[in-house]
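Engineer: These are the residues of each chain, in order.
There are 2 protein chains.
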Amino acid sequence: MAAKTLQIDNRIKTYLPKEEGLQKTIFQASNYSVCAGGKRLRPMIMEETYRLFGGNGEEIYPFMAAIEMIHTSSLVHDDLPCMDNDTYRRGRKTTWVEFGYDMAVLAGDALLTYAFETAAGAFADTKYPMRVGRAIQILAAKTGMYGMIGGQTVDVEMTEKPMTNEQLDFVYRLKTGALLEASMMIGAVLAGAGENDIKKTEQAASYIGMAFQIQDDILDLTSTTEVLGKPVGSDEKNQKTTYVTIHGLEQSKRDVEEISHKAIELLKELPGENEFLIQLVQMLITREK
Amino acid sequence: MAAKTLQIDNRIKTYLPKEEGLQKTIFQASNYSVCAGGKRLRPMIMEETYRLFGGNGEEIYPFMAAIEMIHTSSLVHDDLPCMDNDTYRRGRKTTWVEFGYDMAVLAGDALLTYAFETAAGAFADTKYPMRVGRAIQILAAKTGMYGMIGGQTVDVEMTEKPMTNEQLDFVYRLKTGALLEASMMIGAVLAGAGENDIKKTEQAASYIGMAFQIQDDILDLTSTTEVLGKPVGSDEKNQKTTYVTIHGLEQSKRDVEEISHKAIELLKELPGENEFLIQLVQMLITREK
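First to last, the protein sequences are chains A and B.
Be aware that the first sequence starts at 1, since it is given in the numbering used here, and climbs by one per residue.
Be aware that the second sequence starts at 290, since it is given in the numbering used here, and climbs by one per residue.
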């Protein structure tokens, strides 16, 4: 897994801009944000899905970089003072602290745009322009108002307010799940998977996102700051509505089990060697940090 | 011109999201921003260029909506307190004043993303997927770090500092010019224009953007608040470097003439009936507000 992360890191870096020219600062701020680390889960799951369906071309690489740029763009804007007002992420200063509030707004915009520029670069290498076109549409749709940004909207509006079950489900499904769905669907679409299989990857990714997020809520309550590497109990302190506050700890644990089981059953229905994907799901869900 | 603006307004509206669902606020904020008015210059010049090269399909419409969404997205973020801190635009409250700082950040992101989602929708209607793919790449490149956002970067960094001629040229060329270049190039590409003609539209758009911007600087100095509908003399008050402060008023007037003449000469080299485009350029440059 660490080896795969490193491999993807190196791949992504080939798409990053050179830090030169009059607008150098925007390149620096964007690269700083992307290079802050992370497990590169989204590109990893995208590539695995692509291989699963027999994909063996180059057009997956720009999309792997693109999904990580979009994810990073959302973190840069999430950290802004007007949003979560976070000053540190993964042990480094957040982009707005390092480069200023205005430059962080621009860096988020720049990364979001550069994701589509990078993805559109796949047209140059492909024998399948319609697949690339559809992948771009999925990327945009799962990022936008009906996807991740839709989820962020409700999350932002309900800050410090109690959420209903319906609202929480909506936020988890879109804010966390939508980019995972995009990752798996794009892998499948670019490899030429059939419609039925594309739908299954979307559903599996949705389960994975939900189980991942519930496990996050559980760990915030049951782990220790030492193991997790970030303060525990923050949800309780902030009186935040989570899956655990609505359903209770025991039910939440059972639901993680059940939802991840559903994801794995769906993955097993897909063709090809999907052992790594199944392991990845199990690891994400049984993780202790 | 007003009739054309109205026609384009109605066309763009068909692409806007319905204001319903849990994330309703983001739809409202996005639609509020797009519907704030404006001359719709970018979609207009795009459609005209498309017709000029004999384009008669439907795939131009999503791109016309997309370029206006991107333009609007940049205005929404430009108005933020951490950027220009503007509270009114075209007589209406700016998006952040009306919907809050956090929601305005999300609305800008949403519109930027929705632009690519909308543009990618053109794959459904087209006989020419490679043209649509290239148009998306141009749209992203002219918007991003090497385009409009690159220009904004230098503009933001040099706020309240004197700019060199090179920096000012860079900001005008990218911040103002890049989206005009995208508009004309996309029109040409989607209509199947040859490479040489696409280059000419890019150069013509670049001249138009530059002449437009210099004329803006001249009007800020020579017009009256009544005619312009916004305070004049604001550049001088803010000690802003403009084309006029570097080159003087008389030289600036001569340069507008010369640059727009170059644009018109280039437009005349293009095939087809380009009278409206030439009139549009003349109007933009001789305008008094």
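Worth flagging that the hints you see were computed from the coordinates, not collected in a lab.
Note that the structure is predicted; figures quoted are calculated from it, not measured.
Treat the hints loosely; a few may be bogus.
Simulated crosslink set (DSS-like; lysine-lysine; CA at most 27 angstroms straight-line) [said to hold, decoys possible]:
id : chain 1 : residue 1 : chain 2 : residue 2
1  : A       : K24       : B       : K307
2  : A       : K18       : B       : K450
3  : B       : K293      : B       : K313
4  : A       : K24       : B       : K328
5  : B       : K307      : A       : K161
6  : B       : K416      : A       : K127
7  : B       : K450      : A       : K199
8  : B       : K578      : B       : K526
9  : A       : K253      : A       : K237
10 : B       : K557      : B       : K488
11 : B       : K313      : A       : K240
12 : A       : K161      : B       : K328
Engineer: So which of those numbered hints doesn't the model satisfy?
Structural biologist: 1, 3, 4, 7 and 12
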